[in-house]
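Chains as they are written, first to last, in the numbering used here: chain G, 1 to 114; chain P, 1 to 111.
A portion of the hints provided could be inaccurate.
[Said to hold, decoys possible] Covered by chain G, according to a simulated footprint, are these stretches of chain P (three or more residues, beta-carbon under 8 Å):
no. : stretch
1   : 45-57
2   : 95-105
[As the list claims (entries may be wrong)] Some residues of chain G that are not near chain P, with every Cβ distance over 12 Å (derived):
no. : residue
3   : Leu11
4   : Ile12
5   : Arg15
6   : Gln18
7   : Thr20
8   : Thr31
9   : Gln41
10  : Gly42
11  : Asn55
12  : Gly56
13  : Glu75
14  : Asp85
15  : Leu90
16  : Gln97
17  : Asp98
18  : Glu102
Worth flagging that the hints you see were computed from the coordinates, not collected in a lab.
Keep in mind the model is a prediction, meaning the values are calculated, not measured.
Beta carbons: idealized from backbone N, C-alpha and C, even for Gly.
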Amino acid sequence: ETGVTQSPTHLIKTRGQQVTLRCSSQSGHNTVSWYQQALGQGPQFIFQYYREEENGRGNFPPRFSGLQFPNYSSELNVNALELDDSALYLCASTPGQDPSYEQYFGPGTRLTVT
Amino acid sequence: KQEVTQIPAALSVPEGENLVLNCSFTDSAIYNLQWFRQDPGKGLTSLLLIQSSQREQTSGRLNASLDKSSGRSTLYIAASQPGDSATYLCAVVANDYKLSFGAGTTVTVRA
């Protein structure tokens, strides 16, 4: 069974640019959530995708957007990057919509905005 | 809005000592609580999942308790080892499906 994978591992962008982060969910999981973790803080929920539809969003501006594909992999897109977007971006997958399911996290993508 | 607090923010113990990490949450209407381990710059490793109907879960040297009515959970790590040095995060899930995290407790186990 393949776990949650994310790419790239690290990247550096300039303020104002756009970035796309990718996540492959664990085999058999149709629900993917994205989290932002700033240094020294707990992860903050960005949004969740279930069967290609956004299903819940945290307190993030519209320049944070996402997609989920038929194979349940997902992308997180961030436009007009700001310095405060520098963080570790984590994705997590679960086998369905039941909130009692355990969430499995990927290794994260470290984004640095200069 | 669910608020999750972890106390202390950091602790340092000698090898062999038992660890006690605390987590509190403001809204008791949760589905489950997860404890995670995070090594510096890395992703989250799930340690224990406690469903709302359970009082505790155990895995090896780890034991987590849950008192939903009082909004508290405690993670016990027996006979700590230097390899236990990491940040430990707790998170709860309510009916909005998202995990609400605490800021974590950073543990250092001295050899």
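The hints, checked one at a time:
1. 45-57: Coverage by chain G holds for the stretch 45-57 of chain P (5 residues, Cβ < 8 Å).
2. 95-105: holds (count 10)
3. Leu11: holds (14 Å)
4. Ile12: The assertion about G:Ile12 holds, with a minimum of 15 Å to chain P.
5. Arg15: Non-interface label on G:Arg15 holds, nearest chain P Cβ at 22 Å vs cutoff 12 Å.
6. Gln18: holds (24 Å)
7. Thr20: holds (19 Å)
8. Thr31: violated (8 Å)
9. Gln41: violated (6 Å)
10. Gly42: The claim is violated: G:Gly42 sits with its nearest Cβ about 3 Å from chain P, within 12 Å.
11. Asn55: violated (7 Å)
12. Gly56: violated (6 Å)
13. Glu75: Since the minimum Cβ distance to chain P is about 18 Å, G:Glu75 lies beyond 12 Å and the statement holds.
14. Asp85: holds (17 Å)
15. Leu90: Given that some Cβ of chain P is not farther than 12 Å from that of G:Leu90, nearest at about 6 Å, it is violated.
16. Gln97: At roughly 7 Å from the nearest Cβ of chain P, G:Gln97 sits no farther out than 12 Å, so the non-interface label is violated.
17. Asp98: At about 8 Å from chain P, G:Asp98 fails to clear the 12 Å cut-off, so the statement is violated.
18. Glu102: About 5 Å separates G:Glu102 from the closest Cβ of chain P, which leaves it inside 12 Å; violated.
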